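Novice: Take a look at the letters that make up each chain.
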Amino acid sequence: MKPDLIVVRLGELTLKGRNRHRFEKKVISHIRRVLKPYRTVKLELEFGRIYIALNGQTYEPVAEELRKVFGLGSFSPAFSVEPEIEEIRQLALALFRQQTPPPQTFKVTTRRADKSFPYDSQEMNRLVGGYILQSVPGLSVDVHRPEADIRVEIREGRAFVYSQVTQGTGGFPLGSNGKAMLMISGGIDSPVAGWLAMKQGLEIEAVHFHSFPYTSERSQQKVQDLVRRLADYGGTIKLHMVPFTDIQTRLVQDYNENLLITIMRRTMFRIAEQLAGLSGADALVTGESLGQVASQTMASLKAIGQAVAIPVLQPLIFQDKQDIIDIAQRIGTYPISILPHEDCCTIFLPPSPSTNPSLRVVEGIERNLPWLPEMIAETVRKTEVITIGAELPDPYEKLF
Amino acid sequence: MIYFDYAATTPPYEEVADTVAEVMKRHYGNPSSLHRLGVEAEALVARARETIAQTLEVSPQEIVFTGSGTESNTLAILGAVRRFKQRGNHIITTQIEHASVYETYRKLESEGFRVTYLPVDETGQVRLEELENSLTPETILVSVMFVNNEMGRIQPIERIGRLLQRYPKALFHVDGVQAYGKLDVKPKQLGIDLMACSAHKFRGPKGVGFLYCRSGLELEPLLLGGGQEQGLRSGTENVPALVGMAKAARLSHERRPAFYANTRELRRLLVQGIKDIPELVVNGSEEEEDMAPHIVHFSYPGMKSEVVVHALEQHDIYISTRSACSSGEAEPSRVLVAMDCPRERSISGLRISYGLEHTKSDAETFLRALRQVVKQLAPTATKPGRR
Chain A
1 MKPDLIVVRL GELTLKGRNR HRFEKKVISH IRRVLKPYRT VKLELEFGRI YIALNGQTYE
61 PVAEELRKVF GLGSFSPAFS VEPEIEEIRQ LALALFRQQT PPPQTFKVTT RRADKSFPYD
121 SQEMNRLVGG YILQSVPGLS VDVHRPEADI RVEIREGRAF VYSQVTQGTG GFPLGSNGKA
181 MLMISGGIDS PVAGWLAMKQ GLEIEAVHFH SFPYTSERSQ QKVQDLVRRL ADYGGTIKLH
241 MVPFTDIQTR LVQDYNENLL ITIMRRTMFR IAEQLAGLSG ADALVTGESL GQVASQTMAS
301 LKAIGQAVAI PVLQPLIFQD KQDIIDIAQR IGTYPISILP HEDCCTIFLP PSPSTNPSLR
361 VVEGIERNLP WLPEMIAETV RKTEVITIGA ELPDPYEKLF
Chain B
401 MIYFDYAATT PPYEEVADTV AEVMKRHYGN PSSLHRLGVE AEALVARARE TIAQTLEVSP
461 QEIVFTGSGT ESNTLAILGA VRRFKQRGNH IITTQIEHAS VYETYRKLES EGFRVTYLPV
521 DETGQVRLEE LENSLTPETI LVSVMFVNNE MGRIQPIERI GRLLQRYPKA LFHVDGVQAY
581 GKLDVKPKQL GIDLMACSAH KFRGPKGVGF LYCRSGLELE PLLLGGGQEQ GLRSGTENVP
641 ALVGMAKAAR LSHERRPAFY ANTRELRRLL VQGIKDIPEL VVNGSEEEED MAPHIVHFSY
701 PGMKSEVVVH ALEQHDIYIS TRSACSSGEA EPSRVLVAMD CPRERSISGL RISYGLEHTK
761 SDAETFLRAL RQVVKQLAPT ATKPGRR
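Quick mapping for you: the protein sequence lines, in order, are chains A and B. Just so it is clear: in the first sequence, position 394 is 394 by the numbering used here, and no numbers are missing. So the numbering used here is basically just the index in the second sequence, starting at one, shifted up by 400.
Bound conformation, chain B alone:
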């Protein structure tokens, strides 16, 4: 089997699974309880927070535990907007954000906020000059994802961070879900105020994530109750998942240089192999430094992408059509449309994504199967009007 769908979710590290089981069995106390079991659980949560803070070179108080990447993004956006709405009525995001950001902005738009959705160029990079032109004294929040989850384009976060230094009212929120554990993400050095991450994207458990929230920045909570997470996210802490996430964070952080080297190498191989198949076209930037190393996105114009997914499944190979969350829709991809891809290319997007464990031989096996599948499907493809 070749599981090439790491951008959808990753298999947890075995050590993480052991940790989660161990904590569930032995440390089931409620961190808020007064007695020893509570104190013990509280210490585990504190330590998980420290471990994650270290990987980002931030202080532990700046990490808020949540239930997912989506929740982290929602807390960042709604929490900031509700807290600072008296400062201005304008918010900015991009046309290629993950649904958890995009839909939240749509919702705020329906509630009366003025929203700018920044366009991207044909490589999928947000246009900086558009951002600069859109910023006004009324702008209170800018959300730009670090790595696009669908086609893997890296966004110019550092430059945006620097630009926003001149707009102290505009908070900078980054969806870091596809970047954390893969790229060098140091919020302090990049000028980021809020950054969302999700454990299951870096080989941690599902149902847990975190939000980096710069110290001194106060958000309006989404959930009220017992006041956990410094009042930002009430609800009994998911101690086993938090500790598991911390373990996955540490392991991924330590292995990041190796991850980067390996996935870069695989990407070169895969991109070349896909380019060698005339029916297929690789999306994104030609410059490898522009692209996340662990994602390759390509289209098979004239072929429904689900068909390719299922055909590869017969070879015991698992990939995605665009992002897992919106697979199955017949609509063209919003991201590819924003990149100005022609329709037949934007409805036929395919994404492969992988990790440190994958080898050259996996990539070769995949390419062999892909060549076979394309050969087998080609007669049924509608005539491509490719550019």
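Extracted from the complex, chain A is given alone in its bound form:
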């Protein structure tokens, strides 16, 4: 049996108060976008649910796409039939028999949207449940904790039956909680931080610092590939490519001691803050995780965070590395992140980076770099923006 449609339930979070309508609209437009390649599928919204008619499309790839939609509670593959009691019973039984391992207990739950259907929900539960009970020996009904829950829905001109329920990704609909600027390196953490921010309903833009020719074009490509993975969830994402080489080499000439990394990070934060301001983003998102490396001690976080005035959100701050890797694998960024390319933070490492920078000392050093603010402004001006995930003119389209 091939499913005819998918019943999608919106997450509970999205059903609150007067935001509900706006949330629903965002979720639907997100679903429409991920399902765009599947031309035959049709969407229909009804009572906090979305029905996706598959029209011949196989279920699995569509389900795979639905996992990318935030704010989605759960979904089920469903089988469609004429709204006739006999047909419904047959289908429910066939579906029940497909369950592995064969359940010992079950219940039937009916939803009757079409009130003109001759039996009400209670009667339907009995009629369908009784039929299954009769046909399968040794079975009993358990309305509280059934091993199989056979759901029947009756709508105008159509009935359908399903039992399997797959959890959705959850979270808030994309962009329902504002906008932030993600600082992305080529590593494992920052793409995961970006994904969590998106899941929490933030629209993101991304900023990457590159040090060509000290870092290769491939490492820039890598970051673009990571952002493309995120764009699978977020539609299009603007990626700000910051040419960081000049500022970095000047810093190394004027000050190459143990607080260099702190100063460099503060400089990056300032650039990101200015770019955020220009893009209408109200916070920075970073992949910092407490204690992971020298720049992620409490003292460092304080010294670096104080460089900017806007909030710095750190979704991974208390996460274990393994948990971060698990998410990276699930969202498909991991295999890209582990490709071996240098990033700009690893090439100008001072002999012994400080793990305990003092904000007062750092500010003192920066006062001796009077050129810094102007160079930051110039770097912001030279930053290039690439829109990832948009349907841009494709230079290679003809070849494929």
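If you're looking for bench data, these hints aren't it; they were derived computationally from the structure. The reader is advised that the hints may include incorrect statements.
20 angstroms max Cα-Cα, derived SDA-like pairs, lysine to any residue [claimed, not checked]:
1. B:586 <-> A:61
2. B:588 <-> A:213
3. B:588 <-> B:563
4. B:425 <-> A:396
5. B:675 <-> B:687
6. B:588 <-> A:60
7. B:586 <-> A:367
8. A:42 <-> A:53
9. A:398 <-> B:454
10. A:302 <-> A:363
11. A:2 <-> B:517
12. A:398 <-> B:586
13. B:588 <-> A:398
14. A:25 <-> A:2
15. A:2 <-> B:590
16. A:199 <-> A:57
17. A:199 <-> A:334
18. B:485 <-> B:446
19. A:179 <-> A:389
20. B:675 <-> B:586
21. A:179 <-> A:36
22. A:321 <-> A:290
23. A:398 <-> B:655
24. A:398 <-> B:446
25. A:398 <-> B:764
26. A:36 <-> B:654
27. A:36 <-> B:458
28. A:398 <-> B:432
29. B:586 <-> A:38
Far from chain A by the CB rule (all over 12 angstroms, computed), these chain B residues [stated by the list, open to error]:
30. 434
31. 468
32. 561
33. 624
34. 638
35. 649
36. 650
37. 704
38. 731
39. 744
40. 772
In this text, all values refer to a predicted model and were calculated from it rather than measured experimentally. Even glycine gets a Cβ: it sits at the ideal position worked out from N, Cα and C.
Following the hints, position chain B against chain A.
Specialist: Chain B alone, transformed into the frame defined by chain A:
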């Protein structure tokens, strides 16, 4: 001219030829080079991989580019056997495999592996119960082709895939060369671990193919060196051919429903026309669903098959005797012998194969010529002892 030898090779799509030329001229960088030209070539290879993965509904990392269908089959078999030989010493294939599989199994047999060559029934289908009886806890690999290249019988891949779920040690390798682009081949849904394909069979360039290798399955490489193709196939990538193959894959995939409808229709016509000639006998199953739509195989008992090929050539029509790779041999066909065909039928096999571009009128022209040729040759045929 009527070119009815698509199972041997297909003419590349014109768009594919353009793509190959364009990539050769403009994107000649080595994908491993650090500079921009290298990055560009690398991106093309990645995109070719994605394009092919999409047609199979698998992930790009599961596609390994190779130089041919033969190489893909060899990598699958030797790569798996060498990697997992400590798990068991028994491998299974069929009597009707393509030489690239059959000969590799023969070689492994000579190296000490215990090999079962599964028989087929008179329609050319592998006998499932024989497979079930042959499987042991020592079995580490089972190779069954999707569509037989000689007479077009479709094998019960899905059922075998399901059966092998119960034998987690036994990997399932499928020679998909004659099936990809023609039938619905989704390795994940069919329980396939390894599947070999070749570009020139689906209107791509020659000298390039790919192997689907289920993620998590590690093979022993045949070629060592620069570690290309995730270490599975060292050697600088043939970028123009790979991109050309991806283009052919996309076009064939998009046109597959039309291909199927057209070739099915032509097959009905051809089979009927051949059956109407009393001297000829059609091989394979009577059920059309059992047979690949783009291949018709028949015998002219009592007549050397080369003679028919050359006689048709005078009508500007090009067909094959069994598979192109082994044409010219006087030996009876191993495939037809496995199907228990009488000798005079198994040395006189003829194969026609065609594509989406062929029309009813091509089929009619062919049948007209075939009738003439048979009429002209009949007096010289040895008296048939047909059954």
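Novice: Determine for every hint whether it applies to the structure shown.
Specialist: Cross-check of the supplied hints:
no. : hint            : in the structure
1   : B:586 <-> A:61  : 12 angstroms, holds
2   : B:588 <-> A:213 : 43 angstroms, violated
3   : B:588 <-> B:563 : 14 angstroms, holds
4   : B:425 <-> A:396 : 14 angstroms, holds
5   : B:675 <-> B:687 : 14 angstroms, holds
6   : B:588 <-> A:60  : 11 angstroms, holds
7   : B:586 <-> A:367 : 64 angstroms, violated
8   : A:42 <-> A:53   : 5 angstroms, holds
9   : A:398 <-> B:454 : 18 angstroms, holds
10  : A:302 <-> A:363 : 13 angstroms, holds
11  : A:2 <-> B:517   : 36 angstroms, violated
12  : A:398 <-> B:586 : 26 angstroms, violated
13  : B:588 <-> A:398 : 30 angstroms, violated
14  : A:25 <-> A:2    : 29 angstroms, violated
15  : A:2 <-> B:590   : 15 angstroms, holds
16  : A:199 <-> A:57  : 27 angstroms, violated
17  : A:199 <-> A:334 : 18 angstroms, holds
18  : B:485 <-> B:446 : 32 angstroms, violated
19  : A:179 <-> A:389 : 18 angstroms, holds
20  : B:675 <-> B:586 : 34 angstroms, violated
21  : A:179 <-> A:36  : 25 angstroms, violated
22  : A:321 <-> A:290 : 10 angstroms, holds
23  : A:398 <-> B:655 : 18 angstroms, holds
24  : A:398 <-> B:446 : 16 angstroms, holds
25  : A:398 <-> B:764 : 37 angstroms, violated
26  : A:36 <-> B:654  : 17 angstroms, holds
27  : A:36 <-> B:458  : 19 angstroms, holds
28  : A:398 <-> B:432 : 24 angstroms, violated
29  : B:586 <-> A:38  : 17 angstroms, holds
30  : 434             : 6 angstroms, violated
31  : 468             : 22 angstroms, holds
32  : 561             : 16 angstroms, holds
33  : 624             : 20 angstroms, holds
34  : 638             : 15 angstroms, holds
35  : 649             : 9 angstroms, violated
36  : 650             : 6 angstroms, violated
37  : 704             : 45 angstroms, holds
38  : 731             : 43 angstroms, holds
39  : 744             : 47 angstroms, holds
40  : 772             : 45 angstroms, holds
In summary, the numbered hints that this structure violates are 2, 7, 11, 12, 13, 14, 16, 18, 20, 21, 25, 28, 30, 35, 36.
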